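Participant: From just these sequences and the hints, can you work out the full model?
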Amino acid sequence: MSAVAWWKMSTGLALAVAACAGGAVAAELDEVRRRGELVWAADQEGGGPHVFPAPDDPRRLNGFEVELAGMIAERLGVKARFQQGAWDRLPLLLGGVADCVINGIESTPVRRRDYGCSRPYFAYALQIVARRDGALVTPEMLVAPGPRGPWQVGVLSASAAETEMRGRDPAAVFVRSFEGTLDSLEQVRGGVLDAAVLDDCIFTFYADRFPELRMVGRPFNGGVYTVLTARDTPALGAAIDEALGTLVADGSLEALYDRWDLGGRQQMLLIRDSADVAPAAVPEFRELLRRVVPTLLQGAAMTILLAVVSFPLAIVVGLVVAICRQYGPRWLDRTLSVYVEILRGTPLMLQLYAIFFLLPRVPLIGVQLPPLVSAVLGLALNYSAYESEIYRAGLKAVPLGQFEAALALGMSRLQALRHVVVPQAARIALPPVTSDFIAMFKDTSVCSVITVMELTKRYNILSLTTGRFFELAAVTAILYLMMSWPLALWVRRLERRLEPPGTGPAG
Amino acid sequence: MIEVDNLSAERSGQPVLRDVSLSVAPGAVTVLVGPSGGGKSTLLRCLTGLAEFSAGSVLIAGHRLDAGPQPVATLQAVRRDVGMVFQQFNLFPHLTALDNVMLAPRVVLGLLPVAARRRATDLLARVGLEEHAGKHPSQLSGGQQQRVAIARALAMQPKVMLFDEPTSSLDPAMTGEVLAVVAELARSGQTMVIVTHDHGFARRAATEVVQLAAGRVVARGAAGELL
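So the sequence lines, in the order shown, correspond to chains C and P.
Residues 6 to 512 in the numbering used here are what the first sequence lists, from first letter to last.
Residues 984 to 1210 in the numbering used here are what the second sequence lists, from first letter to last.
What the hints contain is simulated information worked out from the structure, not anything from laboratory work.
These numbers were taken from a predicted model, which means no experiment stands behind them.
From the three backbone atoms N, C-alpha and C, an ideal C-beta is built for every residue, glycine too.
Incorrect hints may have been included.
Stated by the list, open to error - Pair ranges (Cβ atoms, derived):
#: 1; chain 1: C; residue 1: V343; chain 2: P; residue 2: S995; range: 21 to 31 Å
#: 2; chain 1: C; residue 1: L337; chain 2: P; residue 2: E1035; range: 14 to 24 Å
#: 3; chain 1: C; residue 1: L494; chain 2: P; residue 2: R1187; range: 54 to 64 Å
#: 4; chain 1: C; residue 1: V343; chain 2: P; residue 2: L1042; range: 25 to 35 Å
Facilitator: And the structure:
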C-alpha cells in the first residue's frame, strides 16, 4: 500500500470514528433530557461553602454549588441529582456515573487536556492560615526553614494548594496532605502543623469555628473553578457552558454569590477577566516514567518501612495475647478477648484516625503522635488481634501431651511454652501469618488518611497531576507485586525448611 | 524412695483413687497392674504432680506432695528427680532425637551444649540408637521413639523413673526392644514404677506387683505369687 493510500484510508477511518462519536455525543445530551436529570458529582466532606450537609438536617445538602447545579439543570430543562464521590476521584465518575462535576474543581492545564472544561464560574485564591500565637507571621517566611526545621504545612489532597506547596523547597516546607478540608485546620489549631493552605472562600466560611487561627498575608495564586464533563460528551459540555453564560448574563450568578456573601460583583469581574489556561501537552510514556518512578519508589520505600516495622510488633503482641489467653487466668482471657474483638470489629482506617486525630484530644493522657509513629502503632495493634487468633489456633493444635512431657522433664510453664509448644505452634501458624504479612503491605495504603506518603498515596497524587491514571496504576501494581512476590517465594522456602523431614506437605 | 500414704483422687467429681498406700524401696521395681480405669495411670501422674489429689500425701525422691494444688517450685523440684515415660511417647516432633534428649539438661539444669551433647549421645548409645541421633521422631519407628523417650527422661538423671504403659501402642517386636531397655535399667538398680498389661514382663522384672481395681489396691505381692 502506498503512503498516500494509507493516509487516505486512515483519514477516512478517523472521520468515521469521529462521526460515530459525534452521534454518541448528541445522544448523551438527549439521554440527559430524556432521563430528566442532570447527575452532578461532588464531595460533601469537602465542606462549605461549596457543598455540605445542612447543620439542622444532615440529609439535606447546602452550598452555593448545590444551588448552582440546580440553576444549570433548570436551564437544560431537567432536575439536578447529586452524586457523592471522594473529592480527588470525582473526575473518574464522569462518563459512567455522573454527567458533570461541580465541586471547586480548579481549571488546570492537565484537566483542560483530559476533560471538557466549562467557562469559569468562580474565582478562588490560596490563603495561608496559622495560629495567632504561632511562629509563622508573614507568607515570605515560607521560603526558608522555620525555627524547628521545615514548616509543617497542611493541604487538601489533590488540590491546587497541594500542587503549589509541593512545588516549594522541601527544606523550607514539609507538606502533609489531608482527605478533608477541615482536618488540616484542626491540626493547625492543635499546634501539630505550622500552617494550612486552602482556598480563601473556605477559611472565610469557617473562620468563626477557629478563633485561634489567623490569615497570614493576602490571598495569592488565584485561579478559577470549572464545571468538568467527560471529553467525549462535548454537546453536554457546550450546553452546560451555555447555561453558565446565561446565568452570568442575566445576573443570577452574581445574585447567588451575593446571597452566599461571596462578593458577587468582584466574582463577576474576576471570572470575566481570568486568562484561559492552555491545555497541557501529553507526555511521552518514557518521559512520564522518568518523572514519576523516583517518587513512586520513595512511596514504595515508605510502604516497606511501615510493614517491616509494624509486623514484627504485631507478631510479638499477638503472641503474648494468645499465650495469656490460652494459659493465663480466666479474667485475663476475658479481658483480652474484648481487646481482640474491638480491634477486629472496627475498621483499620477508623483506628488510625482515632490514634492520630482523636487521641490528642483525650484529657490527661492525650498525646499527639507523629504520623509515622501513629501509623506503625495502628497497624501493629490492628494486626496483633488477627495474629493472636492465628497463634491461639496454633497453640490449641499442639497436643496437650507435649506440654505435659515438657513439664514432666522439670521445665517451668514458660520454658515448656518457649522450647516445646510455641516452636510447634509457630510452624502451624506460619502460612496464615505470612499471608497476613503480605496483606499488611497492601493495608499500609490506608495510612494516607493520616498523611503518611506511602505508595498508593504517591500514585494518587501523581495520577492526578499527570492525568495518566491507567499507566501509573500499572506501574504501581508492578511495584506492589515486586514487594509481595519475592516475599511469597521466600516464605515457601522457609516453610519447607521448617517442616520436620518425613512428614507430609501439611506438616 | 517412694511413700504413698492414703492417697485419694477424684476426676470431675468421681473418685478414681481411694486410700491407696504404696512403698517403693530404692532400686526396687514396682509394677502396677489391673483393669483399665482402675486408677493406675492416675496414681502415676500423682507421683510426679501432673495430677492433683484430694487427700493423703506422697513422699518421692526426698520431696513431699500434699493434697490440693502444690507450689510451682515443689512441682519442678519433684519433676527434676522423677522421670516419666508416656504411652504415646510425646517426643518433641520439631527436634531431632539428640535435641529431644539434650533439651531438658540444657534448659532445666543449665548444662553447657558440649556437656549436654555428651550426655545425650551416651544415653542414645545405651538405648541402642546412636545411629539415629540426627533423625526426627517422624523418621523413627514406634519402638525407636519410645527408646528415645526413655533416654530423654534418663538425661535428667532421675532418682525415680515412671513408665505409663510404655509398650501399649507397640507391636510385639518393638515391645521386645523397649522392654529390653527397661530390664537393663532394672538390673542397673534404677528405682522404677511401671504401669503395664504385660504380665510376662512383670514376672521377669518386678520386685513387687500391685494390683489396682476401681481405685483401690486389691492385691500386692511378689510377681510369682500374684500373677
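Participant: Does each hint hold? Answer for all of them.
Facilitator: The hints, checked one at a time:
no.	hint	result
1	V343(C) - S995(P): 21 to 31 Å	holds (30 Å)
2	L337(C) - E1035(P): 14 to 24 Å	holds (22 Å)
3	L494(C) - R1187(P): 54 to 64 Å	holds (58 Å)
4	V343(C) - L1042(P): 25 to 35 Å	violated (46 Å)
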